[in-house]
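Assemble the complex: chain W is given as a structure, and chain G must be docked to it using the hints.
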Amino acid sequence: MTQDMIQTDLNSVLSHEEIQAIDAELAHVPYKSGAAIDALKIVQAKRGWVSDDCLIAIARYLQMSAEQLEGVATFYNLIYRRPVGEKVILFCDSVSCWISNSDGIKAKISDLLGIDYGGTTLDNRYTLLPVPCLGACDRAPVMMVGEDLVTHLDEARVQLLFGQTTEANKD
Amino acid sequence: MEKVLTRNIGPEQHTTNLAAYKANYGYRGLKKALTEMSPDDCQAAVKNSNLRGRGGAGFPTGMKWSFVPKGDACSPGHKYLVCNADEMEPGTFKDRLLMECDPHQLIEGMLLAAYTIGADIAYIFIRGEYLVAIQRLRDAIAECYANSYLGERILGSDFSLEMYVHPSAGRYICGEETALINALEGKRANPRAKPPFPQVSGLWGRPTIVNNVETLCNIPHIIDHGADWFKTLGVGEDSGTKLFGVSGKVNNPGCWELPMGTPIREIVEDHAGGMRDGFQLKGFLPGGGSTDFLVPEHLDLAMDYNVIGAAGSRMGTGTMIILDDRTCPVGMVLNLIRFFAQESCGFCTPCRDGLPWSRQVLEDIENGAGRAEDLETLAYQVKYIGAIGNTHCALAPGAMEPLQSAMKYFYDDFVQHIDAGHCPYHNGKGAL
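As you go down the protein sequences, you meet chains W and G in turn.
Residue numbering for the first sequence follows my numbering, starting at 154 and increasing by one per position.
Residue numbering for the second sequence follows my numbering, starting at 1443 and increasing by one per position.
Pulled out of the complex, with its shape left as it was, chain G reads as follows:
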């Protein structure tokens, strides 16, 4: 398969400086756009490519960009492009790789996105713990300023862009785009009500696009090679390639660039090397901690947004977490619900009070103090906390996804905990 996003990334191979990036066709897409393509041409290419957001929601990128007011429809002032590099979805480890190993690819993608939507200021909102990525991005940005790839009149064109790296001070909710904007404004990262959508009124009340790292890294290749080429990269119904990852009790946990639509079995068995000796696959979260469990019968599904959606889950970030037969599914869900309860911003009641309630019920079950009616309580919580519209943002409904699917596929495990009065795996002491 042709490597696209990781063409500069391999074992022991990092392309962190401008010369090395340019030597492998780096900034060719930018030069093409600035000399041959209008922003509308770029917009059309991205829309026609059918690129969908790689941060988890899968929203079509071209459509998102099309909502930004342009020309006379936009009042005078700044427009912003924000790269969401706040990779905090449990089990997700793909954007770190792209930023640490090929920072210029992200910068080129941001330049092209900013050119398309007419942004003049760009931020990379990156989690504060990603110290290596922060330094490499800052170094790469400095190189760009020194060589006319950033700043005034880029490469002699009429296009100018300022770019800043903004390390986050923490909290998972910052990955929600309106919460991220509040954090950039120096406030508590509570999500905002929508509408207005950020495309119209975002950072400092100005039009703002927030895109994930991997999404933006696709843009140089779409501009350079065209939408039709990009569509041929997928082997299923979606376009392009994707970084897929596997963690858990497999032989070779890792992250690989593969065509969109690659069957799950191929990812788990060929690339991740299958289950370690003594462990069987019991289930998996296909795309991070806020996606529904799938089970071995789903292994032959393609990793496409709609295919995984039809199976009752979400592709999310495309980085899978494997549940093996020796790890307690109740304990695993408890770990996830603990995380979501802790990371709730506290703004709305179902999330602030509902998630700790779910955590308490799960703790009781895992610790052997569960009662039969607890299962009804959990089902009630899933119904009310999990319904989109009952909460201010998608955090709590996302938290309910692993819980509701665990109760669907591993119901017997919940019952066994309650009947036996203890965790049948290893007494809630984590996995072996």
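Next comes chain W alone, as it looks inside the complex:
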């Protein structure tokens, strides 16, 4: 495959801005695959997740095999290889939150949103995922909703946050 063909292929998948951002990361690393995780995060930032097409395009740009990049992408829990909702709920399931009834809160969220871990609501607003200890154990139980850390969770708080989304997600 010629360089031209690779470039054409890339531009049809990755945006100009994404390629520029990846180039900026490449300036700091001695070989291209060193920017693999950064490139995955750059592509995920706007799109929400990393599709097969994007993965293959990034791998070509970094002169890696797609398999090698897939091995990196699937290792890390904050790289999403499946579509996610507008906001990802990272629900802490570690020990301090567990002691503070995180299991009960999680069941309530699942009930309100109609999804279990790994699921996305029918209206595509939320994806629910477990996350290791979020480092806010003095305010347990906690979760992140999108970019916001939400602390001192109880059933009332969760009802307030997700109660109105319930009806939209009932089959």
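When the alpha-carbon atoms are kept at most 27 Å apart in a straight line, the in silico DSSO-like pairs for lysine-lysine are as follows:
1) K1629(G) / K199(W)
2) K194(W) / K1629(G)
3) K185(W) / K1636(G)
Note that these hints are calculated values from the structure, not bench results.
Frame of chain W, contents of chain G only:
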């Protein structure tokens, strides 16, 4: 007590900009080092201070730095300083506070560490979920570049340093320093075999020091005030102060800077306000999820590395998790083993296959399907998975610490689950 690490941190008090940091003696240690002290002088001060790593292992910081080749012993090229800000040990919430509320203190510590070991590039490897800390660190670094605290010829000296924030893409194993280096290189975060140690061959094969956030935050104060002053801060055998935390069913969960060697009872009863009404202290993990349980008879021990070690546990990160009498100890250990099984990098068999096996046995016991021989199976797992040297890194032995100590102190609870055929607490539905 004199506040050192948290002197700029209080309720509603955050010192996130350069002017505010400088107003309270910020960057005084850096100026002193660059004008009055050689890197060897700084190295000697840190070594003499007896500072030990605050990330969990407690390795002497000065000794770690001393392994970095210098001068003719080092081939030409970069040397790296990496701040391990991948705070993912269950129950640990101290580095978040230091980074969110006083980012310049960490940057000054990194500048001094880099000056001492001769590093010219520094990374802050921070967990991707710490969005506030990431932004405040980036803002603080930008201020430093604009004011000659970072970049070429810092404050007119011959010392130059580039600094980058690298948000992680996740996984607990990234906190292991060689796994962290692999993650920085864009690879899967499998730990590396040692030797070679990172001090000699780390990031991109170059000499690299990886230090925890809290460790680095101590450095400006040691350089500014001297090793002898630092040693007077501890009330026991260890030097300095420490961020100690308590989570669980206490009245006032939180994180406080206290002298090293502060008795556990003082931390739990005075600072955390004791147990909530209706709850009794049954046990506690003294320093995060991979430390052995201790029990009420240990409350009068000092939080010093060797004292907690002699009691059969580890000080770890110094953030305690309290087990109360209404929370199931089997369920608590199951939660921890589930975490470690999930976070295994999968590289070596005892960890990849052994931890899910432990999880399965514990699930059976907690769910009422346990058999008498399960306790022998768990003891066998502790013996073989828990032995350092049987696994590629310390993750699996760390996972066995809460299990083995739970079986030692709460053995009757395991037996009750098996005899009764159900969880005597609340049927495995988590804590009340």
